[in-house]
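According to this note's numbering, the sequence shown is numbered sequentially starting from 13.
Honestly, the hints are just simulated from the structure, not real lab data.
Where hints are given, some of them may not hold.
Each pair of labels, with its calculated beta carbon distance range [as the list claims (entries may be wrong)]:
#	residue 1	residue 2	range
1	47	170	38 to 44 Å
2	35	64	37 to 43 Å
3	163	40	40 to 46 Å
4	138	15	16 to 22 Å
5	154	40	34 to 40 Å
6	194	91	23 to 29 Å
7	173	63	34 to 40 Å
8	35	172	27 to 33 Å
9	81	115	18 to 24 Å
10	15	185	19 to 25 Å
11	191	29	18 to 24 Å
12	134	174	32 to 38 Å
13	165	127	21 to 27 Å
Cβ atoms here follow ideal geometry from the backbone N, Cα and C, with glycine treated the same way.
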Amino acid sequence: MWPWEHVAVGYILVSLWARATNRRLDGRAALAVVFGTQFPDLVDKPLSWSIGLLPSGISVAHSIFVSIPLALLVVLVARRFDMTVVGVAFALGYLSHIPADLFYSGFFFGNYRALQSFLWPISYGPESSGVGFLSQTWYFLSRFLVYLRRPEAWAYIIFELLLVGSAVRLWIRDGAPGVALMKRSVNDIRRSVTR
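Input sequences plus hints: build the corresponding full structure.
Structure representation (structure tokens):
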């Protein structure tokens, strides 16, 4: 799955959770869900594709044996510091990554054996060639562009528009959490540079 798709799935889940529990999402929670949805790829892919430390770009951080305990730990630590919403936003974002990858692999690409990729250390995804992060990214991007030219890609494009559109709509209805935080950060950076 592409990064924006993971963010969309994670944000939808976090927004629905916040609505169901009468909680308000702020900029920190929005940032936490974005980081949580990307976390498995930020760990596994560079450690595999660039350094060769992991056997696959889908291994340790994608593993259900690692993700579930780590997500629970984050929520417990966040609760201890009275930041439960931020902890849950990260955890739901992180935990949404694995089923989203499974759905994407199976439904759009027919790879129904992908489950074994998420069972590290028992098994892991296809071995990476270690040719480098940019080379691997270009490889997957070029395969994706070829896929988009196929007639059955229309279903994917409709799904993509509905998924991302739904997430953006919820984000706007939630008050666009994170925008004020980003503006404040940009202004702080500007002030520190101009001093």
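These are the hints, each one checked on the structure:
1. 47 with 170: 38 to 44 Å: 29 Å, violated
2. 35 with 64: 37 to 43 Å: For residue 64 against residue 35, whose Cβ atoms are near 42 Å apart, the range 37 to 43 Å holds.
3. 163 with 40: 40 to 46 Å: 44 Å, holds
4. 138 with 15: 16 to 22 Å: 20 Å, holds
5. 154 with 40: 34 to 40 Å: 37 Å, holds
6. 194 with 91: 23 to 29 Å: 26 Å, holds
7. 173 with 63: 34 to 40 Å: 36 Å, holds
8. 35 with 172: 27 to 33 Å: With a Cβ separation near 28 Å, residue 35 and residue 172 satisfy 27 to 33 Å, so the hint holds.
9. 81 with 115: 18 to 24 Å: 23 Å, holds
10. 15 with 185: 19 to 25 Å: 23 Å, holds
11. 191 with 29: 18 to 24 Å: At roughly 21 Å between Cβ atoms, residue 29 and residue 191 fall inside 18 to 24 Å, so the hint holds.
12. 134 with 174: 32 to 38 Å: At roughly 35 Å between Cβ atoms, residue 174 and residue 134 fall inside 32 to 38 Å, so the hint holds.
13. 165 with 127: 21 to 27 Å: 24 Å, holds
Hint 1 from the list above is the single one not met by this structure.
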